[in-house]
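Dock chains B and C against the given chain A, drawing on the hints supplied.
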Amino acid sequence: MKNFKWLSPTLYILFLMLPIYWLVSMSFKTTNEILGSFTLWPQEFTLSNYITIFTDPTWYNGYFNSLTYVMVNTLFSVSVALPAAYAFSRYRFLGDKHLFFWLLTNRMAPPAVFALPFFQLYSAIGLFDTPVAVALAHCLFNIPLAVWILEGFMSGVPKELDETAYVDGYGFWHFFVKIFLPTIAAGIGVVMFFCFMFSWVELLLAKTLTSVAAKPIAATMTRTASTSGYELGLLAAAGTLTIIPGAFVIWFVRNHIAKGFALGRV
Amino acid sequence: MIEKTVNQKAWFLVAPVVAVVAFNALIPLMTVVNYSVQETFGNNVFFWEGVKWFEEILHSPRFHDALLRQMLFTGIILLIEVPLGVAVALTMPRRGPWVSVCLVLMALPLLIPWNVVGAMWNIFALPDIGLLGKMINGMGIDYNFTQQPVAAWFTTILMDVWHWTSLVVLLAYAGLCSIPEAYYQAARIDGASAWAVFRYIQLPKMKRVLTIAILLRFMDSFMIYTEPFVLTGGGPGNATTFLSIDLVKIALGQFDLGPAAAMSLIYFLIILLLSWIFYTLMMRNEAQ
Amino acid sequence: MAKITLEQIAHSYLRSPDTDDDWALKQLDLTWSDGGAYALLGPSGCGKTTLLNVISGLLRPSRGRVLFDDRDVTHIPSDRREIAQVFQFPVVYDTMSVFDNLAFPLRNRGVGEDRVRPRVIEIARMLDLEDMLYRRAAGLTADGKQKISLGRGLVRSDVNVIMFDEPLTVIDPHLKWELRSKLRELHQEVGATMIYVTHDQTEALTFADQVVVMHEGRVVQTGTPIELFEKPSHTFVGHFIGSPGMNMLPCDIRDGMPWFLDNPIEIASAVRGHQEASRLEIGVRPEFVRFGSTGVPVEIVKMADVGRYRVVDARHRGHSIKMVMPEDLDIPPENARVVFDPSKTQVYGDGWILT
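Chains as they are written, first to last, in this note's numbering: chain A, 1490 to 1755; chain B, 65 to 352; chain C, 155 to 509.
Chain A extracted, bound-state conformation:
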């Protein structure tokens, strides 16, 4: 019995890999092969789908747009969430509990509810179709999440650390940047991972807030699919390319991911 324990995770991973394999294998097939015959792996191996993507600016600009707003969002969310999480973990102040709860309720707001008002709001302030708009909009759910996780990590740091530093003559910001942030570096890494993840995978708002100039890659993909009909190879190649940044990020945090989940209450 015990020797077959590996079977369950293996089968599960196999199940996870199958659709991904199909996507990747399709990206190396020609349109003729996809539509004409059913093959388990590419018979006429082709890179033409990838070449199209890397040479056509409407495609590759989509990548830059996506990466731009994801990174802006991640950095912005984490930097405003850090002092707030510190306040929640160290101090009591008027309305603190209600505020914390209110922040969390925003994580429960369906993006579909906000799609139209966001469109109007960001049009009104002239940010429509810029990466900044998407980055700001994603703060709606990423900042509450970041505050929540960071508060968990910070509560694990004994308060004596702060007190010792203040006695040693550190000012608040000096202490915060020089001493406190390094001690919760792992937590910051975990939070950045989650901000990256949720901003990267969200599309409803990203699509609503952009039209041409700042269109994210994944949105380019759907529109191409619907307008030019059956360019499935191209679609698969673009899809495959969107998996790569995620895989890259997971590889970096692989050793902290389980710990991060446990410590930081997500």
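Hints listed in this document are in silico derivations from the structure and should not be mistaken for laboratory results. Backbone N, C-alpha and C fix where the C-beta goes; we use that ideal spot for every residue, glycine too. Possibly wrong hints are sitting among the right ones.
Simulated crosslink set (DSSO-like; lysine-lysine; CA at most 27 Å straight-line) [what the hints assert, rightly or not]: (1) K271(B) x K1586(A); (2) K269(B) x K1494(A); (3) K1648(A) x K1586(A); (4) K68(B) x K1667(A); (5) K1648(A) x K73(B); (6) K1586(A) x K68(B); (7) K456(C) x K498(C); (8) K1586(A) x K116(B); (9) K336(C) x K476(C); (10) K180(C) x K157(C); (11) K1667(A) x K73(B); (12) K498(C) x K385(C); (13) K476(C) x K498(C); (14) K1648(A) x K1667(A).
Here are some chain B residues pointing at chain C (derived, C-beta under 8 Å) [unchecked claim]: (15) G160; (16) V163; (17) P244; (18) Y247; (19) Q249; (20) R252; (21) G255; (22) A256; (23) S257; (24) A260.
Chains B and C in isolation, oriented as in the chain A frame:
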């Protein structure tokens, strides 16, 4: 638990967060509230309608159906994903080189953009060109998710299980890793069976993370939009039109701002209410 | 109840150990007689927990055999060895009541409910847990939880040995003493063999009839607390037990007599086997050094009052000799000399006793 000191200046530290989130949440929410009580025929002319839209939505069969579908969907995926996630977490290696491999591969679906997930499952499940579609049809079962409601549900659920079970696995695994070795040793000495170890050690210790997992899965599956929209477009017919899909159809498709806004508010309140009920029930259970 | 014999036990956590350091337990033979109260004493990382896990069956030794009476249990899993173990951090089943916790080992073994009940109540009475039997175990204090851990071992009437792995680590200081006397009391009452692992000499010496001292994966001495104190068989025991530890002074042997620099030291028994040793030392406890008219001339560096005693730090040509003496004893103002009690003075070669 840290002893907190009272300090009203802490408001300065949370002010940026409050400002950004309020900008993103309060202004749109006010817009929604504003629309929900008015009627418009375009050209920015609005008429006061009171609670008419709310009454209409709450009595409309279309909303009832969407809500019912939504609850059924959420119920089913919770019933599958939570036990499956726990089972996989229990059998995962606790140490060694395979841990990283498992974690990385399992986390992969979580980091794929949601419409790519939908598109990927579309080409995976299509009966003519998809591996899954071909396999099921090859077994002699007539399967075409673009035309059969049952097949569409099956595919949507399978996709969600594929997409999100790993979140439950990761959380449950984190909970399992935090159990000290001494508990397992004591249980062995006490002669506990594998089931008793699960029931009295592993399950209680996973309770907190599982609460979070269920809550997150509940909320996110209740808000699901992109993946089923790309996969089935809500069809065939309205078979997989969940609340968000219906809402976007009304708001952006038909541009019925009033009803859409009223529905948004009802929708949001349902999630808040159910989350709160979930949370208090599980916390009360904890306190006992 | 059983006598426990460890035959040529050795253990390494590595798959293919090469050097001596790779072995967490170097080869050892030990016998624990039935019904004894033992302590396993040593600093962290000396192999005591490893040894404990070998006995309890949580660890299979790389070499050697474990016998309970004459039965070879080396390959028998923990749950069928009929042992009980109390861990460093209290292990209770959080969701169960205290009663269910205590009943758990019995129920797992298929004991009928009609026999579980009286037994659990009896054990709860012994441990003073009666009035909280129906509370949730999770809500108890650390000492209450440790009592439950212990109780889960005691309820089984067939237990061969109860093992304690530093059980007082998380207990409040003022309750430690109480719980320790409770353990002694229970040992009298139940009569089971008990093995108590600790790095705290006070705990070991007050609990046990026999103390096993370990150092770097080896058993360096087994004996009563008095034997450990008066005649340590290894310099480690001399240092580790007693406060301050034993005085160790370099010496050489001339005509069968140990000399500390230019001072002949009188000892009661003869020195054997010193020819092979590369490093010879005289060992004498501070308690057995006193001032005299003859003996080793010293200058007094420091004095400290420790309760009813006085610790004197004396020097002879750079070598420190510590003395413990009653507070009211006078200290010679100058030209002080010290003598060692011959029957309590030993000679050690490369750390091991030679007298």
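Structure versus earlier hints - violations, ascending order
8, 9, 15 and 16
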